[in-house]
Amino acid sequence: MEQIVLNTPAEGFIDITGQVRKIVEESKVQHGLCQIFVPHTTAGVTINENADPDVISDMLMALKQMVPDLPYRHGEGNSPAHVRSTLVGCSITVPVTDRMLCLGTWQGIYFCEFDGPRKRKVWVQVVGG
Numbered sequence: 001m002e003q004i005v006l007n008t009p010a011e012g013f014i015d016i017t018g019q020v021r022k023i024v025e026e027s028k029v030q031h032g033l034c035q036i037f038v039p040h041t042t043a044g045v046t047i048n049e050n051a052d053p054d055v056i057s058d059m060l061m062a063l064k065q066m067v068p069d070l071p072y073r074h075g076e077g078n079s080p081a082h083v084r085s086t087l088v089g090c091s092i093t094v095p096v097t098d099r100m101l102c103l104g105t106w107q108g109i110y111f112c113e114f115d116g117p118r119k120r121k122v123w124v125q126v127v128g129g
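For the record, in the sequence shown the residue sitting at position 94 is 94 according to full-length UniProt numbering, with numbers rising by one throughout.
Honestly, I wouldn't trust all of these hints.
Taking lysine-lysine and the DSSO-like style, the derived pairs with C-alpha atoms no more than 27 Å apart in a straight line are [as the list claims (entries may be wrong)]:
hint, residue 1, residue 2
1, 22, 121
2, 64, 119
3, 121, 28
4, 64, 121
5, 119, 22
Don't read these hints as lab results, they were simulated from the structure. All figures in this text were calculated on a predicted structure; none of them were measured in a lab.
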């Protein structure tokens with residue numbers, strides 16, 4: 001298993017596609033699966049469009065509207081981040097063919113920060129099949 005370490009802003013989506021691609025290429029797995037996992041409860045990982053940065057801005061805006069700041073019972077002040085993380089999810093799996101991620105033309109892999117700034121980890125496991 002490989003690890004990507006990120007120093008994140010307060011919130012936002014960080015494109016990690018290049019780092020994951022490099023891990024897949026260096027794994028020497030010809031055909032299989034790439035599992036990307038975020039071991040945090042106030043962050044997530046997703047696949048979305050990487051051609052137009054407005055899509056990512058819209059995603060963050062929509063998540064904020066779906067999960068507003070309310071008087072949550074959790075006393076640390078980051079309850080919206082926990083809920084947003086749950087909605088986005090903490091893992092994705094991408095097929096690997098010929099040592100390459102099988103992503104669509106406009107797809108990118110994004111780390112989603114909802115409670116930064118922090119030092120974060122992303123775990124990447126490439127398995128042959």
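Status of each hint after checking the structure:
no.	hint	verdict
1	22 to 121	16 Å, holds
2	64 to 119	22 Å, holds
3	121 to 28	23 Å, holds
4	64 to 121	23 Å, holds
5	119 to 22	21 Å, holds
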